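If you read the protein sequences in the order shown, they are chains A and B.
Residue numbering for the first sequence follows full-length UniProt numbering, beginning at 1 and increasing consecutively.
Residue numbering for the second sequence follows full-length UniProt numbering, beginning at 1 and increasing consecutively.
To be clear, the hints were calculated from the coordinates, so they are not data collected in a lab.
Please note: incorrect hints may appear among the correct ones.
[Stated by the list, open to error] Okay, derived cross-link-like pairs now, DMTMM-like style, lysine to aspartate or glutamate, Cα gap no bigger than 25 Å in a straight line:
| id | chain 1 | residue 1 | chain 2 | residue 2 |
| --- | --- | --- | --- | --- |
| 1 | B | K279 | B | E268 |
| 2 | B | K279 | A | E322 |
| 3 | A | K116 | A | E81 |
| 4 | A | K116 | B | E268 |
| 5 | B | K279 | A | E347 |
| 6 | B | K279 | A | E81 |
| 7 | A | K294 | B | E235 |
| 8 | B | K279 | A | D334 |
[To be verified] Computed far set for chain B versus chain A, every beta-carbon distance over 12 Å:
| id | residue |
| --- | --- |
| 9 | T31 |
| 10 | R47 |
| 11 | R50 |
| 12 | A64 |
| 13 | E75 |
| 14 | R203 |
| 15 | V207 |
| 16 | E222 |
| 17 | P225 |
| 18 | G257 |
| 19 | R276 |
| 20 | A295 |
| 21 | R303 |
| 22 | H309 |
| 23 | R346 |
| 24 | G352 |
Since the structure is predicted, the reported quantities are computational estimates derived from the model, not experimental observations.
C-beta atoms are modelled at their ideal positions from N, C-alpha and C, and glycine is treated no differently.
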Amino acid sequence: MTGTDPGTAPRPEVSEAGRLDADALVDDPGTRIIVCCGAGGVGKTTTAAALGVRAAERGRRTVVITVDPARRLAQSMGLEELDNTPRPVPLSGANGAAGGSGGAGGSLHAMMLDMKRTFDEVVREHADPERARQILANPFYQTLSTSFSGTQEYMAMERLGQLRQSGEWDLIVVDTPPSRSALDFLDAPERLGRFLDGKLIRFLSAPASTGAFRLLGAGFNVVGSVVGRIVGTQFLNDLRAFVSAFDTVFGGFQERAERTYRLLQAPGTAFVVVAVPDTDSMREASYFVERLAKDSMPLAGLVINRTHPLPTGPGARLGAAEALAAADSLATGDHPLAGAALRLHAERVRVHEREAGLRARLLSAHRSLRVVEVAARPEDVHDLAGLRGIGSALAGEDASGDP
Amino acid sequence: MSDPERGPRDSGPEAAFAGARLHIVTGKGGTGKTTAAAALALSLASRGGRVLLVEVEGRQGVAALLGSAALPYEEREMLRAANGGSVHVLAADAEAALLEYLEMFYGIRRAGQALTRLGAVDFATTVAPGLRDVLLTGKATEAVRRRAGGRRHSSDGPGNAPFHYDSVVMDAPPTGRIGQFLNVNSEVAGLARVGPVRSHADRVMEVIRSERTRVHFVTLLEEMPAQETRDGINEISGLGLNLGAVLVNMVAPPLLGGADLAAAAAGELDTAELVRGLKAARLETASAEAPEALAADLAGQVRAHALRHLLQERVRGELEGLGPPLLELPLLEGGADRAALASLARRLSEQGVGR
């Protein structure tokens with residue numbers, strides 16, 4: 001339950017909750033990969049893009065890989081749409097330079113993972129042209145490369161490995177695929193590898209009269225025929241053709257998955273866990289922090305998006321009960337504005353207290369976890385200015401979120 | 001299905017529900033899809049009769065909502081409406097549905113269990129996500145077709161017997177996946193061109209395409225969920241499926257009047273009046289010491305509230321233009337539980353949900 005292995009937890013001397021300092025993270029030339037992870041709908045993609053903009057404008061040659069097909073993100077970076085190739089993001093305005101370049105030699109590129117195309121490239125690279133053609137045309141391969149759960153995560157890692165190897169960027173920010181569970185990102189590639197290498201796929205793809213079927217005995221023929229009935233014999237035939245063509249690619253496939261997995265454990269990688277202040281999301285974040293420690297993956301800290309901080313002035317000391325009592329003390333019809341403002345404040349304080357409680361509970365289980373909060377904004381992010389706003393909140397420059 | 005009195009398709013809430021027996025509820029993650037689906041089921045049961053709520057994502061969201069332990073793969077009565085109507089819940093699971101299907105069509109329970117041990121069921125449903133979806137939609141459509149007195153699994157029972165369930169509500173996958181999930185035919189096209197899966201899929205699709213089925217979208221008054229609702233509606237109508245209603249969830253009324261909202265959003269809040277009001281209110285000394293500074297803090301919050309509210313109104317306007325009627329569900333203080341669910345169901349009934 002503790003998950004804070006002193007051997008892997010960052011800076012164990014920090015006993016109180018430290019603040020996750022985004023600037024220190026992106027400024028450190030040793031940081032080569034930042035992986036943003038968390039359950040779906042917590043603002044991972046926006047966080048990744050904001051970190052990318054921040055890093056580029058502070059001088060890093062940065063690329064952001066997203067998996068979010070929403071055009072909104074592309075448009076917020078001034079691009080019509082994103083594809084599988086990194087495209088330069090025109091950074092202009094507040095921090096100066098034009099045409100994909102940020103301050104002090106930095107630049108930003110962005111791309112969106114196209115898992116089928118990435119998978120196709122892997123196949124072409126590992127198989128001779130004739131085999132590659134057979135594999136790419138196989139209907140089973142088409143299912144595998146477009147809808148197998150795990151392919152997207154595997155291909156995100158694959159693409160990450162490619163970008164890292166190209167040496168064109170000194171910082172890669174990865175937005176992980178949306179999934180029910182944040183852990184899928186770590187588990188899915190292995191699942192895919194295990195599946196492709198598994199006994200069952202070999203068993204099912206063996207011709208009925210030979211190999212596995214004969215060895216396993218007649219009883220198992222029933223199984224084969226039942227699977228055939230469920231998925232159709234045509235499907236089994238496609239599967240057999242696929243496995244025999246894919247055999248040559250297998251070794252390389254597993255090896256690559258393992259290599260990328262090791263890359264995630266290397267010192268240049270930093271995981272940023274993203275959450276929102278609700279019970280499910282914070283629980284998910286807690287699991288993820290534990291899992292990273294168990295797998296010796298370097299954790300930079302936690303971003304809690306859409307929080308509701310209290311104002312910085314005397315409002316911070318005005319409690320919910322007192323604000324409500326004060327609102328009630330106003331005679332009906334008198335000062336409706338003050339009454340509404342006091343009720344609004346009481347609501348804000350209650351929300352803030354609930355969020356602070358969730359945060360405290362998480363930190364009591366993970367004492368060395370570094371955290372930064374990004375306050376809820378009235379509007380979604382639409383442009384670079386919005387991403388810069390999130391970036392400065394990540395760097396601790398703007399805590400309120402109020403306009 | 002067209003009613004000559006009211007024209008072929010009335011866009012009011014009643015028309016969005018009239019004649020429907022399978023309600024598919026989708027929405028972006030985080031919009032409260034499960035709560036809305038459960039409230040809809042309870043609302044439909046409030047006219048009497050039996051309603052089945054099917055959950056298909058294996059999240060046990062209904063169990064969490066009702067504060068019960070994880071539900072097994074079995075139709076179980078979980079809620080009762082005031083006038084004797086009931087809501088039964090099924091936490092559907094592709095693996096169990098596959099075994100049931102094998103037993104139903106082939107009588108091969110034992111071989112099915114051997115398949116489970118070998119991991120073949122897991123294999124078949126992961127390697128072919130389409131198969132998983134067909135099994136889950138198949139489970140819901142089977143419940144729609146089931147007749148009283150018919151053997152539970154032997155298709156339809158006596159042709160003129162009343163239906164076992166008056167309505168079936170499905171807590172379906174999120175908007176991003178709903179088109180693929182419901183387009184059962186094309187999902188299995190690459191899988192089985194002929195054979196039992198194919199004909200099963202055809203039977204499922206017949207129900208899903210029919211006037212008996214409506215697809216409802218749950219959204220919030222926020223940009224991204226609204227955008228996903230728009231995309232989802234286009235996708236669903238493109239597939240030729242019938243749209244139901246848009247359920248706008250977690251609606252909170254503004255705390256300020258229109259003039260104050262507009263002024264606050266424009267940054268022109270009457271802070272002098274706010275200060276006077278704070279002075280008039282009985283605040284404890286510590287907070288009352290600097291009413292101007294306190295007013296500045298509160299004004300910042302009022303402005304954020306006003307901006308958010310104006311944005312919500314804009315989003316609502318966009319949603320109204322999409323076609324399907326909007327039904328509203330209020331923001332619940334303190335989360336959803338059984339009592340809250342009953343009040344949400346009442347709100348839906350008041351807005352025209354019926355059979």
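Status of each hint after checking the structure:
no., hint, in the structure
1, B:K279 <-> B:E268, "holds, 20 Å"
2, B:K279 <-> A:E322, "holds, 14 Å"
3, A:K116 <-> A:E81, "holds, 18 Å"
4, A:K116 <-> B:E268, "violated, 53 Å"
5, B:K279 <-> A:E347, "holds, 21 Å"
6, B:K279 <-> A:E81, "violated, 54 Å"
7, A:K294 <-> B:E235, "violated, 42 Å"
8, B:K279 <-> A:D334, "holds, 12 Å"
9, T31, "violated, 9 Å"
10, R47, "holds, 33 Å"
11, R50, "holds, 31 Å"
12, A64, "violated, 9 Å"
13, E75, "holds, 24 Å"
14, R203, "holds, 16 Å"
15, V207, "holds, 21 Å"
16, E222, "violated, 7 Å"
17, P225, "violated, 9 Å"
18, G257, "violated, 7 Å"
19, R276, "violated, 7 Å"
20, A295, "violated, 8 Å"
21, R303, "violated, 6 Å"
22, H309, "violated, 9 Å"
23, R346, "holds, 24 Å"
24, G352, "holds, 30 Å"
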